[in-house]
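Engineer: Kindly produce the complete structure, drawing on both the sequences and the hints.
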Amino acid sequence: MKQYVYVAVAGILLSLFSCKDHCIKGDGNVMNNASRYFNYFDIIQSNINADVYITYVNDTLPDEVFIRCDGNLDPYIHTSVDKSNNTLYIELDNEHCIRPSRPIEVYVYAHRITGIISNSSGKMICDSIVSSNLSIQVLGNGGIYMTGISIDLITGNLVGNGTIEIEGKGINGTYVNWAGGRFTAAQMMLSGNCSATCKGTGGMSVYCKNILTADPGPNGAVITFYGNPHTVIAPQERVVPGN
Numbered sequence: 001m002k003q004y005v006y007v008a009v010a011g012i013l014l015s016l017f018s019c020k021d022h023c024i025k026g027d028g029n030v031m032n033n034a035s036r037y038f039n040y041f042d043i044i045q046s047n048i049n050a051d052v053y054i055t056y057v058n059d060t061l062p063d064e065v066f067i068r069c070d071g072n073l074d075p076y077i078h079t080s081v082d083k084s085n086n087t088l089y090i091e092l093d094n095e096h097c098i099r100p101s102r103p104i105e106v107y108v109y110a111h112r113i114t115g116i117i118s119n120s121s122g123k124m125i126c127d128s129i130v131s132s133n134l135s136i137q138v139l140g141n142g143g144i145y146m147t148g149i150s151i152d153l154i155t156g157n158l159v160g161n162g163t164i165e166i167e168g169k170g171i172n173g174t175y176v177n178w179a180g181g182r183f184t185a186a187q188m189m190l191s192g193n194c195s196a197t198c199k200g201t202g203g204m205s206v207y208c209k210n211i212l213t214a215d216p217g218p219n220g221a222v223i224t225f226y227g228n229p230h231t232v233i234a235p236q237e238r239v240v241p242g243n
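All residue numbers for the sequence shown refer to my numbering, where the first residue is 1 and numbers rise by one.
Treat the hints as calculated values from the structure; they're not laboratory data.
Hints are not guaranteed to be accurate.
[Claimed, not checked] Below 30 Å or equal to it, Euclidean Cα-Cα: the simulated DSS-like pairs (lysine-lysine) are:
#1 K169 with K199
#2 K83 with K25
#3 K209 with K199
#4 K25 with K123
[What the hints assert, rightly or not] Taking CB as the label site, the calculated pair distances span:
#5 P235 with D127: 34 to 44 Å
#6 Q187 with E237: 42 to 52 Å
#7 K25 with N94: 11 to 21 Å
#8 G148 with Q236: 31 to 41 Å
#9 S191 with H22: 26 to 36 Å
#10 N85 with N33: 24 to 34 Å
#11 I233 with K169: 17 to 27 Å
#12 E91 with K25: 16 to 26 Å
Keep in mind the model is a prediction, meaning the values are calculated, not measured.
Every residue gets a Cβ at the ideal spot worked out from N, C-alpha and C, and that includes glycine.
Structural biologist: Here you go:
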């Protein structure tokens, strides 16, 4: 009986190593691959372990995506737009395993951005986005990093154990940290109202000038606020002004 068990285990290990060996290795020829053009999208979702750089543009050209990676791996990195929700999806070919020689970089140039979703362990780095409303979500262990943005109404949800860092200016904001990740919005200067909620152990820092409504939750999280808000609606414990 033990002999059969050993044979079965050996077979499983051989199968695993065989799968690993069949990964397509990057050829080391890292290049800017051909641009991919789309007739506009509103939301960008990354399902790939890559650094995604998002830039807001204001011209008459189509939205553009190009990928910097090993030349032989470009065909296995898919970009598509779902017209039902105007979402650009960045993901790997499900039927192949790849091993890049260096981290993959994806560059997105978009005219209208209302949503950014990180569903991987990679980074999404955004610069100078202008929008009347923007929703950002981190669903895994990756991160969304934003600088120089101008948003009237911003909504942020940190569901996984990743990171959200936002810097810029806006009017109103709603932030929720659902788990143990790091949510930093102390440099997102809101002139209006802000709602900040922690459901897990991860804390939060926010900036608000008018009404701050804060709930640090039952798990020991701390919410630090800046901007000297006119009104603070929150328990005294674990909702504290920053220095």
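Engineer: Against each hint, give a clear statement of whether it holds in the structure.
Structural biologist: Quick rundown of the hints versus the structure:
1. K169 with K199: holds, 25 Å
2. K83 with K25: violated, 33 Å
3. K209 with K199: Satisfied, since the Cα-Cα distance of roughly 24 Å is no more than 30 Å.
4. K25 with K123: holds, 22 Å
5. P235 with D127: 34 to 44 Å: holds, 36 Å
6. Q187 with E237: 42 to 52 Å: This hint is violated: roughly 25 Å between Cβ atoms.
7. K25 with N94: 11 to 21 Å: holds, 19 Å
8. G148 with Q236: 31 to 41 Å: holds, 35 Å
9. S191 with H22: 26 to 36 Å: violated, 55 Å
10. N85 with N33: 24 to 34 Å: holds, 26 Å
11. I233 with K169: 17 to 27 Å: holds, 23 Å
12. E91 with K25: 16 to 26 Å: holds, 20 Å
The structure is inconsistent with the numbered hints 2, 6, 9, although it conforms to all the rest.
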